[in-house]
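A.B. asks: Here is what each chain is made of, one letter per residue.
There are 2 protein chains.
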Amino acid sequence: MIVEELAVTAKSGLRERQRRERGDTILQAAFALLAEKGYDALTMEELAERVGISRQTLYHHFASKEDIALRAVMIFAEEGIQSIRAIDPLLPPIDRLERIIRWMMEIRFTPTRAAFVRARPMLARIKASPEYREAFDRRARAIQDIADAAVEAGQIQQGLSSAMVVQILLALVCDPSYEEMVDAGKATPAEVAESVALFFRRGVERRSEA
Amino acid sequence: MIVEELAVTAKSGLRERQRRERGDTILQAAFALLAEKGYDALTMEELAERVGISRQTLYHHFASKEDIALRAVMIFAEEGIQSIRAIDPLLPPIDRLERIIRWMMEIRFTPTRAAFVRARPMLARIKASPEYREAFDRRARAIQDIADAAVEAGQIQQGLSSAMVVQILLALVCDPSYEEMVDAGKATPAEVAESVALFFRRGVERRSEA
Numbered sequence: 248m249i250v251e252e253l254a255v256t257a258k259s260g261l262r263e264r265q266r267r268e269r270g271d272t273i274l275q276a277a278f279a280l281l282a283e284k285g286y287d288a289l290t291m292e293e294l295a296e297r298v299g300i301s302r303q304t305l306y307h308h309f310a311s312k313e314d315i316a317l318r319a320v321m322i323f324a325e326e327g328i329q330s331i332r333a334i335d336p337l338l339p340p341i342d343r344l345e346r347i348i349r350w351m352m353e354i355r356f357t358p359t360r361a362a363f364v365r366a367r368p369m370l371a372r373i374k375a376s377p378e379y380r381e382a383f384d385r386r387a388r389a390i391q392d393i394a395d396a397a398v399e400a401g402q403i404q405q406g407l408s409s410a411m412v413v414q415i416l417l418a419l420v421c422d423p424s425y426e427e428m429v430d431a432g433k434a435t436p437a438e439v440a441e442s443v444a445l446f447f448r449r450g451v452e453r454r455s456e457a
Numbered sequence: 248m249i250v251e252e253l254a255v256t257a258k259s260g261l262r263e264r265q266r267r268e269r270g271d272t273i274l275q276a277a278f279a280l281l282a283e284k285g286y287d288a289l290t291m292e293e294l295a296e297r298v299g300i301s302r303q304t305l306y307h308h309f310a311s312k313e314d315i316a317l318r319a320v321m322i323f324a325e326e327g328i329q330s331i332r333a334i335d336p337l338l339p340p341i342d343r344l345e346r347i348i349r350w351m352m353e354i355r356f357t358p359t360r361a362a363f364v365r366a367r368p369m370l371a372r373i374k375a376s377p378e379y380r381e382a383f384d385r386r387a388r389a390i391q392d393i394a395d396a397a398v399e400a401g402q403i404q405q406g407l408s409s410a411m412v413v414q415i416l417l418a419l420v421c422d423p424s425y426e427e428m429v430d431a432g433k434a435t436p437a438e439v440a441e442s443v444a445l446f447f448r449r450g451v452e453r454r455s456e457a
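In the order they appear, the protein sequences are chains A and B. Using my numbering, the letters of the first sequence map in sequence onto residues 248 to 457. Using my numbering, the letters of the second sequence map in sequence onto residues 248 to 457.
It is worth saying that the hints were derived from the structure and are not from the lab. All values reported here derive from a predicted model rather than from experimental measurement. Check the hints yourself; a few may be wrong.
Only part of the chain A face toward chain B is listed, based on derived beta-carbon distances under 10 Å [claimed, not checked]:
| id | residue |
| --- | --- |
| 1 | R349 |
| 2 | W350 |
| 3 | I373 |
| 4 | Q402 |
| 5 | P436 |
| 6 | E438 |
| 7 | S442 |
| 8 | L445 |
| 9 | R448 |
Ideal placement from N, C-alpha and C gives every residue a C-beta, glycine not left out.
Build out the structure end to end from the sequences listed, making use of the hints.
C.D. replies: Shown next, in the form of structure tokens:
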């Protein structure tokens with residue numbers, strides 16, 4: 248009896264692992280397709296073909312294109328939170344804040360992310376999902392912890408609360424129109440990231456003078 | 248014959264003026280209702296009632312609620328452009344930029360505008376309209392002129408182009424989530440406006456030292 252149960256568990260464990268692995272494979276293919284053609288041109292048909300599975304199997308894993316997008320954005324969000332937490336805690340908090348904004352500005356121009364940043368109507372729908380809100384709030388809190396430390400260390404100019412520093416950082420990072428500047432040839436992605444990081448640093452940092 | 252034509256022109260001129268005046272009256276009522284209840288709760292029925300006209304007459308002026316919203320946003324956009332152009336040109340350009348961002352941050356918390364800022368899905372649709380894009384571009388150019396003057400006067404820190412200064416100013420102003428800070432009791436509207444203006448000024452201004 249117990250042996251039988253274990254066998255069933257092992258079998259379903261294996262099946263669950265296989266299922267998860269196929270889900271990962273699908274997501275990888277979806278990311279590659281997104282980077283190649285962007286969100287709007289991505290179809291479930293093409294994705295199934297790329298992975299070498301039937302449409303039915305694909306729909307077994309993801310209910311819709313939007314479902315895939317939400318999963319992708321959640322993976323990005325988790326990566327973001329991990330990156331923030333991975334920053335050397337011995338660095339001065341103001342340097343950690345600058346590193347965060349620089350990284351966030353750079354990463355949005357990488358092919359896969361760019362496909363999402365440019366798919367605005369889709370993004371607007373995802374942003375309303377509770378799962379995304381929760382990840383967004385966790386990311387904001389991770390930044391808030393560092394902003395608090397910067398205020399405590401006397402590195403933030405007077406008149407700016409740490410909540411305001413987080414708000415400003417996210418306002419700068421979340422604006423969807425840097426891509427238009429790049430498209431118009433007014434700046435390269437690297438120049439945009441550098442300018443925004445520089446501006447942010449100068450704007451929040453307490454000056455040593457007087 | 249000529250007299251008759253003049254009479255017809257005068258008559259249609261009068262009719263056109265009456266039509267425009269009624270359009271203004273409707274918009275004023277719409278603004279008041281928006282400030283009271285917000286965009287989502289506004290109905291064409293209630294608006295017609297408030298103005299004291301039939302629904303049919305209302306629809307003769309505005310095809311839809313969205314149509315009214317677009318008209319309102321266009322009026323705001325024009326006001327914004329006029330306000331920018333009305334700033335004393337003898338002021339140092341950097342002071343003019345600070346004045347613009349302060350004004351834009353303050354005005355969004357006035358009741359009528361707040362109703363729009365909070366009606367995001369509606370705003371997303373309006374933003375796609377060519378008429379709005381055109382007004383947005385004109386506003387950006389008005390700011391760009393001042394940013395160019397600030398660069399020319401040596402008031403902007405090195406490494407920031409005037410295009411980037413405009414981009415950053417608009418990214419800060421266009422973020423929809425300051426309201427969440429205010430709702431959460433983390434800052435008053437005046438504090439938000441002051442902080443963002445202070446941060447912007449410090450972030451773009453060239454330091455006098457070294």
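A.B. asks: Are the hints correct? Go through all of them and say.
C.D. replies: Here is what the structure says about each hint:
1. For R349 of chain A, the suggested interface contact is broken, since its CB lies about 13 Å from the closest CB of chain B, more than 10 Å.
2. The criterion of a C-beta within 10 Å of any C-beta in chain B is not met by W350 of chain A, whose closest approach is roughly 17 Å, and the hint is violated.
3. For I373 of chain A, the shortest C-beta to C-beta distance to chain B is roughly 13 Å, which exceeds 10 Å, and the interface hint is violated.
4. Here the hint on Q402 of chain A is broken, as its CB sits about 13 Å from the closest CB of chain B, past 10 Å.
5. This hint is violated: P436 of chain A has a C-beta 13 Å from the nearest C-beta of chain B, more than the 10 Å allowed.
6. For E438 of chain A, the interface hint holds, the least distance from its beta-carbon to any beta-carbon of chain B being 8 Å, beneath 10 Å.
7. A least Cβ separation of about 5 Å between S442 of chain A and chain B falls short of the 10 Å threshold, and the interface hint therefore holds.
8. The criterion of a C-beta within 10 Å of any C-beta in chain B is met by L445 of chain A, whose closest approach is roughly 5 Å, and the hint holds.
9. With its C-beta approaching chain B no nearer than about 8 Å, R448 of chain A sits inside the 10 Å limit, and its interface hint holds.
Hint compliance for this structure: hints 1, 2, 3, 4 and 5 are broken, all remaining hints hold.
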